[in-house]
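J.: Spelled out, the chains give:
Number of protein chains: 2
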Amino acid sequence: MQIPDALSPGKYRRLKRLSDAADRFSMLAVDQRGSLRRMFAREHGTEPTEVAPDRLQQVKRVVTQAVAPLVSGLLTDPLYGYPASIDVLPASTGVLLSGEQTGYVAAGEDERRTRLLEAWSPRRALRSGGDAIKLLVYHHPDASEETHRHEQEIVASMGEACEEAGMPFILEVVTYPMGEAARTPAVQARRKPEVVVDAAKTFSDPAYKVDVLKLEFPANLRFVGAYQDAPFGAGEAVYDRKTVEQACERLDRAAGVPWVILSSGVGIDEFIETLKFANDAGASGFLCGRAAWKDIVRYAPNEREMRHFMAEVGIGRVERLLDANESARAWTDHPKYQSRAAPAGTDPFTTG
Amino acid sequence: MQIPDALSPGKYRRLKRLSDAADRFSMLAVDQRGSLRRMFAREHGTEPTEVAPDRLQQVKRVVTQAVAPLVSGLLTDPLYGYPASIDVLPASTGVLLSGEQTGYVAAGEDERRTRLLEAWSPRRALRSGGDAIKLLVYHHPDASEETHRHEQEIVASMGEACEEAGMPFILEVVTYPMGEAARTPAVQARRKPEVVVDAAKTFSDPAYKVDVLKLEFPANLRFVGAYQDAPFGAGEAVYDRKTVEQACERLDRAAGVPWVILSSGVGIDEFIETLKFANDAGASGFLCGRAAWKDIVRYAPNEREMRHFMAEVGIGRVERLLDANESARAWTDHPKYQSRAAPAGTDPFTTG
Chain A
1 MQIPDALSPG
11 KYRRLKRLSD
21 AADRFSMLAV
31 DQRGSLRRMF
41 AREHGTEPTE
51 VAPDRLQQVK
61 RVVTQAVAPL
71 VSGLLTDPLY
81 GYPASIDVLP
91 ASTGVLLSGE
101 QTGYVAAGED
111 ERRTRLLEAW
121 SPRRALRSGG
131 DAIKLLVYHH
141 PDASEETHRH
151 EQEIVASMGE
161 ACEEAGMPFI
171 LEVVTYPMGE
181 AARTPAVQAR
191 RKPEVVVDAA
201 KTFSDPAYKV
211 DVLKLEFPAN
221 LRFVGAYQDA
231 PFGAGEAVYD
241 RKTVEQACER
251 LDRAAGVPWV
261 ILSSGVGIDE
271 FIETLKFAND
281 AGASGFLCGR
291 AAWKDIVRYA
301 PNEREMRHFM
311 AEVGIGRVER
321 LLDANESARA
331 WTDHPKYQSR
341 AAPAGTDPFT
351 TG
Chain F
1 MQIPDALSPG
11 KYRRLKRLSD
21 AADRFSMLAV
31 DQRGSLRRMF
41 AREHGTEPTE
51 VAPDRLQQVK
61 RVVTQAVAPL
71 VSGLLTDPLY
81 GYPASIDVLP
91 ASTGVLLSGE
101 QTGYVAAGED
111 ERRTRLLEAW
121 SPRRALRSGG
131 DAIKLLVYHH
141 PDASEETHRH
151 EQEIVASMGE
161 ACEEAGMPFI
171 LEVVTYPMGE
181 AARTPAVQAR
191 RKPEVVVDAA
201 KTFSDPAYKV
211 DVLKLEFPAN
221 LRFVGAYQDA
231 PFGAGEAVYD
241 RKTVEQACER
251 LDRAAGVPWV
261 ILSSGVGIDE
271 FIETLKFAND
281 AGASGFLCGR
291 AAWKDIVRYA
301 PNEREMRHFM
311 AEVGIGRVER
321 LLDANESARA
331 WTDHPKYQSR
341 AAPAGTDPFT
351 TG
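Chain order of the listed sequences is A and F.
Each residue of the first sequence is one higher than the last, beginning at 1 in the working numbering.
Each residue of the second sequence is one higher than the last, beginning at 1 in the working numbering.
Derived by calculation from the structure, the hints in this document are not laboratory data.
Remember, it's a predicted structure, so these values are computed and weren't measured experimentally.
Idealized CB from N, CA, C, for every residue including glycine.
Any given hint might turn out to be false.
[As the list claims (entries may be wrong)] Across the chosen pairs, the derived CB separations fall in these ranges:
#, chain 1, residue 1, chain 2, residue 2, range
1, A, 6, F, 50, 29 to 39 Å
2, F, 207, A, 156, 33 to 43 Å
3, F, 176, A, 304, 57 to 67 Å
4, F, 90, A, 333, 13 to 23 Å
5, F, 53, A, 333, 26 to 36 Å
6, F, 313, A, 119, 48 to 58 Å
7, F, 304, A, 226, 48 to 58 Å
8, A, 333, F, 65, 18 to 28 Å
9, A, 185, F, 330, 49 to 59 Å
10, A, 183, F, 65, 54 to 64 Å
11, F, 50, A, 160, 38 to 48 Å
12, F, 207, A, 50, 39 to 49 Å
13, F, 53, A, 164, 20 to 30 Å
14, A, 330, F, 176, 48 to 58 Å
[To be verified] Now the stretches of chain A that chain F is said to cover, found in silico as 3 or more residues with beta-carbon under 8 Å:
#, segment
15, 82-92
16, 118-129
Could you build the full structure based on these sequences and the hints that come with them?
T.: Written as structure tokens, this is what we have:
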């Protein structure tokens, strides 16, 4: 048997289903709830809470139908996205289901805490046909001891439940600005590498049983000198390309498990640049959300126009992502899995 | 949502993974244990109990590596086959794991009873990365009340456990000769249609929660007049083609769920003929065992020769099966799933 001995058979089979034939992750996210409501509200001049569930479901279904056949995995939510899309999900595309409620609970002055979806668990996700659980937690090194403990407990319990179910555990760590950084984007940009690297280091502890980290880009390209002429340039340079490359290399060393990069709502051009940096440093691909499809909201609920947008624009974006993903590292080549030999003849299936 | 309302999301996703893009089942079985030991013993002049586990594993691995990429599903066993083959199973091929111990417990004069694998369940199979459970039970309408009760209890409990786990339940029903039929093949052949149809009818009761029936061919082609010139002709005709066609049609009417045909150790030419009859009557494909690969045992343990045999002969057989499977009925087109509409907006994921 030549599967990594750090992985159970169930996790191994499912991670293979979430990745492509070269073991790279090319994954798209349509599990947004709160942020999708806000996009609708902005576009259609209404309140986020007034956006009807079937509007969310329509977007998720149209996006899923267009892009799921192109990628190795699709992240959706068990409340709206999955029920609305299950019949348009190709059998060969891995399905990730989110484990957290939308948004966060505010704590202290500017701290954020995740809440888990109720009546939901890795075992139920597995029973429902999912191939992985994605959990989003917030993180900042300067948060209070109590907030740290909260995030650590929630991650540890999900890691344990995923292990028990044979379900891959994809942990998304989203950082946030505290103090002066919350008021001054350039200050936040300068601090970003350290904060994101700390997030990766914290949750790479084997005690959390994370299989893949979904991480922010550890810098803000808008503040890089070389990108000041790009449409997304901030008009102020706080670091250069070399600093960004080094931040990515530090992130790769900090990540004790395969990692992918998330898109944080940036535009597609900026995200593709970050993906190239990340893959060059050792990332195993992407889990891209709004960057691939966000403008579709403009055309809702006209389904013909929504489909037209995906065909004309959305699919092209995904194809660009797939091109940039050629340089991703196979997750099976991550240092965690370098020692691949399992003792011959062991039978992890009917024992343990 | 347009998945059949008789199916849970987990069963639906996994049945899609077990079938091809046209929802036909093209599945191969390498889960043999006792019969594989006996093949080895015959070929190599030894006792079945003396065949080492790594000999079984080698055959299963070489066969799996050669054929799994070609078919929609591969049935293997959790003791030898799956641990020895997990790294050569393509992510896109559905994996069925067997649920019963090899062989049977004899009861009465000539009755047979299945034993379940110990420390094994649909939930564990799911946790290990399997996409379905296959259970083999023996059946004869003339068996004692006690044997009937045994088989019914074992099937009902597996059906319940599969439902709870979101795991498709593939039930294989193997009939056997009793009384004079056990001594006289022509008598057994004449009785076969009635016995196999009774098996299908019995376990189509929704109480058993079977998703796919794996059935014997309801006649013996060796005893059909038109096949007396074929290499497999028995030299004695007990019925004609028309009788065989009618037996297949009766079987299709008796099967309340999608069904596939099994190969019972017959040769490939005979099996392909049975597959055509079955698909014409409404079968959704095949779950073929030894017919596809049995001669490999002759070359064991010379792995180079074993691979050569699969490349030169085994793969060609599978391609012939796939050709004959073009006429299979999509499982989603089975009458059970004709009423496809589920109430919109139901959410079977976080409730129930």
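J.: With reference to the structure, classify each hint as holding or not holding.
T.: The hints, checked one at a time:
1. A:6 x F:50: 29 to 39 Å: For residue 50 of chain F against residue 6 of chain A, whose Cβ atoms are near 36 Å apart, the range 29 to 39 Å holds.
2. F:207 x A:156: 33 to 43 Å: holds, 42 Å
3. F:176 x A:304: 57 to 67 Å: Once the Cβ atoms are compared, 59 Å apart, the range 57 to 67 Å for residue 304 of chain A and residue 176 of chain F holds.
4. F:90 x A:333: 13 to 23 Å: holds, 19 Å
5. F:53 x A:333: 26 to 36 Å: Once the Cβ atoms are compared, 31 Å apart, the range 26 to 36 Å for residue 333 of chain A and residue 53 of chain F holds.
6. F:313 x A:119: 48 to 58 Å: holds, 53 Å
7. F:304 x A:226: 48 to 58 Å: holds, 56 Å
8. A:333 x F:65: 18 to 28 Å: holds, 21 Å
9. A:185 x F:330: 49 to 59 Å: holds, 55 Å
10. A:183 x F:65: 54 to 64 Å: holds, 60 Å
11. F:50 x A:160: 38 to 48 Å: Between residue 50 of chain F and residue 160 of chain A, where Cβ atoms are some 44 Å apart, the hint holds.
12. F:207 x A:50: 39 to 49 Å: holds, 46 Å
13. F:53 x A:164: 20 to 30 Å: holds, 28 Å
14. A:330 x F:176: 48 to 58 Å: holds, 49 Å
15. 82-92: holds (count 8)
16. 118-129: Check passed, 8 qualifying residues.
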